[in-house]
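J.: Input sequences plus hints: build the corresponding full structure.
In case you want the letters, here they are:
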Amino acid sequence: MFQHSLKLRTLRRLVHVNPNIGFNPNTASKVASSDGSSFSSEEQSHFANLAPTWWDPSGNQRILHLMNTKRIEFIKDTLTKKFFEERNTKNKEDEIYIPKFNKNLLPDYIKIQVDNMEGAYMNELFKNSVKDWKVLDMGCGGGLLTESLSRLDVFRQVKGYDMTEECIQVATQHASKDILLKKNLENESLKYEIKDLFKEDSVTEKFDMVCCFEMLEHVDEPFRMLSCLMERLNTGGVLVISTINKDLVSLLTTIVAAEHLLNLVPKGTHTFEKYINCSEIENWAFRNKMEVIDAKGVMFNPIRDEWEIHSKKDIGNYFISLKKL
Amino acid sequence: MFKHTRYLKNAQHYDIVIVGGGPAGLTMLSALKNNPKINNKLTYKLIESNNLSKDIKNYTDLSDDQFTNRLISITPKNIEFLTSKLKLPLNFNKISKFNGISVFNGTSDFNKARIDIETESYMCEIMNIVNANYQNNQSNNILEMTKVKEIHFKDTYPVLKLTNDTDVSAKLVIGCDGYNSCIKKLINNGKGNGWSYNSFGVVGNLKYKYPITSSSKGWQIFLNSGPLAHLPLNNKDAGSMVWSCNKPMFDLFTKRCKNGQVLGRLINCAYVLDKPDYEYYLHKVFDLYESETLDSRLENKIIEEMDNRVDMVAEKLAKINTSNSQDNMLYMEENYPPLLDSVDLKTVGGFPLKVFHADEYSKDRLVLIGDACHNTHPLAGQGLNMGIEDIKELTKQLEIALDHGVDIGNNELVLKKYHQNRVLENSMMLIGTDFLHKLFSINHPAINNLTNVGMNIFNSLDTVKDWLSFRVSGKN
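Each protein sequence line maps, in turn, to chains A and B. If you're matching positions, the first sequence starts at 1 in full-length UniProt numbering and goes up one per residue. If you're matching positions, the second sequence starts at 1 in full-length UniProt numbering and goes up one per residue.
Incorrect hints may have been included.
Stated by the list, open to error - The calculated PhoX-like cross-link candidates involving lysine-lysine, where the alpha carbons are at most 25 Å apart (straight line), are: (1) 41(B) / 191(A); (2) 134(A) / 301(B); (3) 185(B) / 70(A); (4) 177(A) / 54(B); (5) 103(A) / 396(B); (6) 182(A) / 45(B); (7) 127(A) / 37(B); (8) 37(B) / 111(A); (9) 131(A) / 206(A); (10) 111(A) / 85(B); (11) 185(B) / 82(A); (12) 346(B) / 54(B); (13) 161(B) / 185(B).
Unchecked claim - Stretch by stretch, here's where chain B covers chain A in the computed footprint (C-beta under 8 Å, at least three residues): (14) 64-71; (15) 145-151.
To be verified - Across the chosen pairs, the derived CB separations fall in these ranges: (16) 173(A) / 161(B): 54 to 62 Å; (17) 37(B) / 304(A): 17 to 25 Å; (18) 106(A) / 403(B): 53 to 61 Å; (19) 155(B) / 123(A): 31 to 39 Å; (20) 60(A) / 458(B): 47 to 55 Å; (21) 37(B) / 303(A): 25 to 33 Å; (22) 303(A) / 116(B): 37 to 45 Å; (23) 119(A) / 251(B): 52 to 60 Å; (24) 206(A) / 154(B): 22 to 30 Å; (25) 116(B) / 304(A): 39 to 47 Å; (26) 392(B) / 299(A): 23 to 31 Å; (27) 161(B) / 179(A): 16 to 24 Å; (28) 80(B) / 200(A): 54 to 62 Å.
Calculated directly from the structure, the hints in this document are not laboratory data. Glycine included, C-beta positions come from ideal geometry on N, C-alpha and C.
T.: As C-alpha cells, then:
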C-alpha cells in the first residue's frame, strides 16, 4: 500500500504540463457525422450487425467477454484505492497499521492471515462506500459490463447507455433471461436506455461513477465525449476509461493480429486513426481539473488465454481512472 | 418468452443444484457452505436418490470397532482440507493413518522384488465422510429419496423433473452421481476415453492372527490377476483388503466361499509364498468349492496345510535374511504384512473395475466432478482424492466468477477454466494407474523378470521415490 501511494505521487508529477499536445488534431479536424451524433453511421451499422452474436462467449466477441473480468478487477482496485486514500486523509486514528517491512518475509500462515484481514477490510470499505452509488456504463453495447456490475449487487443503480437501438434490445432481452437481473430490471436497479449524449441539451441525471470501456476509439470526437461524461459526474465521482494507445504495438496487435491474422475480433472493428494515447487523456484530465487515480496497461496473452494487467500504460490497450475534483 | 417465465415460476429455483449425495457430492455441498462468499450470495440444494438418513442412522449405531466395507484412502493434504477448511466432524477413532506402503511384485516366480515408499495416507470409511458432511449440513439443504427423472432446457435454465413431481431449475447443475451419471449423458453425449478391465475389485474386512505391535503400514502385491492391497483399519487387529481379480475368482470369493478362514489364509499365501506355490493353493481352493456339497473336513485340512506351508517359508526367509535369532523374530513382522486369521465374509463385496475419463467436464450450466468424469483403478487409492481436488478447483472458479460478476453457469468463462486446470493432472493420474495395471497383468516370464529388476532399481532411487510420494500425497 505504501509503495502504491509512492508510485501514485511520482505518477502525478510525471503528467505533462504542456496543454497544447492534449488535443488530437486528427480527430478534431474530422467533422462529426451530419446529424450531429457521436457515432458515424458506419460505426453504427457495424455494431448493429454485431448485436445478435454479442452474447455468445465462444463467438466473435469472445475476447471482450474475457476482458470483462479484468475490467471489473480494475474498477474494484481503483475504487478501493480511492476510498483507502480518502479515509486515510480524513482521520488519522482509523488508519490501520501497515508494517514497513516486506509481508512476504513473514511465515506462510501469518502472511495468509494478514492477507485475509486486509482483504476483508478493503472489501468492507468498498462495499460500504459504494452502497448509494449510481453507475453509468456509457456505450454498453450488449451489456457485458453492465450485467457484471449489476450482478455484483453492491451499487444502488446501474445504467447502460448506448446509441445503437439493436444493442439495447439485445441487452434488455439477455438480462431478462437471467432471474437475478430480471428482478433488477423490474425494480430499476438495472436500466438500459438509448441515448446519444451529443444530442442531449441539459444534464438531467448525475452519477457517481461513469464507465466508458472500449468506446472512445469508435467515437468521432472523443474529447467532446469525455467532457459530456465529466458533466454527468458528481463531484468526487470517478470516470473509468479504457481505450487503445496510438502506437505501433497497438497497430500490430489490435488490427493486424486480432482482426486479420487470428480472427479474434470481427474485421473493421478498429480504426487506427481514432486511437488515443494515454498521455492525451492525462493532459485532458489536467486541463479539466480531474485527478488520475490509476492507469494500467492491459494485454491479451494468447497462451494463457487471458487478459493481463501490467504497469506499461503507454503501450497497447490501457485502463485509466480519473476523479472529478 | 411469457411461457418460459411462467414455467419458471412453477419450478423451485436454486442457484446451484448438486445431483448425487455420495462423498464427492456431499463434500461439494460442505465446500459451498463453508465458503463465505458463496454461502452469502447463492442458494443451493443437493438431490440424492437413496435414503441417506437411514444409512446414516445405521452407520452411527455401529461401535468404533465395527467397520463398514467401503473404504477409501485420503492424502494428508486432503484430510487437512476436510477438517480445517470444511470443518467436517470426522470420527478419527475410525480413521487409521499409515506411514508407508510396501509394494511387492508377485508376478515373477521367485524372489519377489519390493518397493518401500514412505508416504502418509489415511484410511477412512466412505460412510464416515458421508456422515460428517451430513451432520455439517444439518440436512436442510439435502433432498433425499428423490431421483432426477429428466432434465430439459427451457430457454437458458436447465429444469430437473424429480420423482416427487416437483420441478427444480438451477443456474448451475453439478453432477456428482458417479459413473452412470445422468448429467454426463447431456455433456458431449458422455463421450470419453476408457475401457473395462474385465476384472472386479473385491473388498472385505480382515482379522489379524495376532495384534500388531509396530506402526501400521499398507501393503500391496501385484499378482497376475491384479493387485491385492492389504491396508490397516485400526492399529490393533483389523485390516481391509481390495483384491482385483478375474470373474472366476470374483465368483469364488463373493458367492461360493463359505469360510472366511480359507480366504484369509489364501491372502497369507499370496504374500509369503512364491508364485507357483500360491497358485497351487488357489487351485486347491477352487477345487474345494467346485461341488455343491461342502466337506468341512477337507476345508480344515486345507487351512492347516496352508498354515504349515506359510510358517515354514516364513521361518526359512527369516533365517536367510538375518544373522541372529533376535532379528529373526522381527524380520517377518517388519517386512511382511501381518498374518491373517480370516476375512469377515459378511463384509465381502465386489464391483467391476474400469478406467474412464470424460472428454468434456462441462457445458453451459452443467458441470461434472469426481467419479462422474473420471474413474480409476483403486490400486493407487486416488479416486476420491482426485474428486476433492476437483471440488477445490471448482469452488475457486465459482468464487472468482462471483467476484467479477460473471454468470456462474457460463461455460466459456467459468466452467472451462475448471476443466482446463484439472484435466492434465487427472489424466496423468489415470494414465499412470492404468500403466501399472497393464504392466503387471502381462503374464510372460521375460516381462515379469524385467519388472522385478526394474522395481529393485526403483527402490534404490530415493529422489524419484520422494518425488512420486510428493505427487501422490502432496506432502513429503
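J.: A separate judgement is required for each hint: does it hold in the structure or not?
T.: Now for the hints, and whether the structure bears them out:
no., hint, verdict
1, 41(B) / 191(A), "holds (22 Å)"
2, 134(A) / 301(B), "violated (88 Å)"
3, 185(B) / 70(A), "violated (34 Å)"
4, 177(A) / 54(B), "violated (40 Å)"
5, 103(A) / 396(B), "holds (24 Å)"
6, 182(A) / 45(B), "holds (22 Å)"
7, 127(A) / 37(B), "holds (13 Å)"
8, 37(B) / 111(A), "holds (21 Å)"
9, 131(A) / 206(A), "holds (16 Å)"
10, 111(A) / 85(B), "holds (17 Å)"
11, 185(B) / 82(A), "violated (50 Å)"
12, 346(B) / 54(B), "holds (20 Å)"
13, 161(B) / 185(B), "holds (16 Å)"
14, 64-71, "holds (count 4)"
15, 145-151, "holds (count 5)"
16, 173(A) / 161(B): 54 to 62 Å, "violated (27 Å)"
17, 37(B) / 304(A): 17 to 25 Å, "holds (24 Å)"
18, 106(A) / 403(B): 53 to 61 Å, "violated (25 Å)"
19, 155(B) / 123(A): 31 to 39 Å, "holds (34 Å)"
20, 60(A) / 458(B): 47 to 55 Å, "holds (52 Å)"
21, 37(B) / 303(A): 25 to 33 Å, "holds (29 Å)"
22, 303(A) / 116(B): 37 to 45 Å, "holds (41 Å)"
23, 119(A) / 251(B): 52 to 60 Å, "holds (59 Å)"
24, 206(A) / 154(B): 22 to 30 Å, "violated (41 Å)"
25, 116(B) / 304(A): 39 to 47 Å, "holds (40 Å)"
26, 392(B) / 299(A): 23 to 31 Å, "holds (29 Å)"
27, 161(B) / 179(A): 16 to 24 Å, "holds (19 Å)"
28, 80(B) / 200(A): 54 to 62 Å, "holds (59 Å)"
Violated hints, listed in ascending order, are 2, 3, 4, 11, 16, 18, 24; each of the other numbered hints is respected by the structure.
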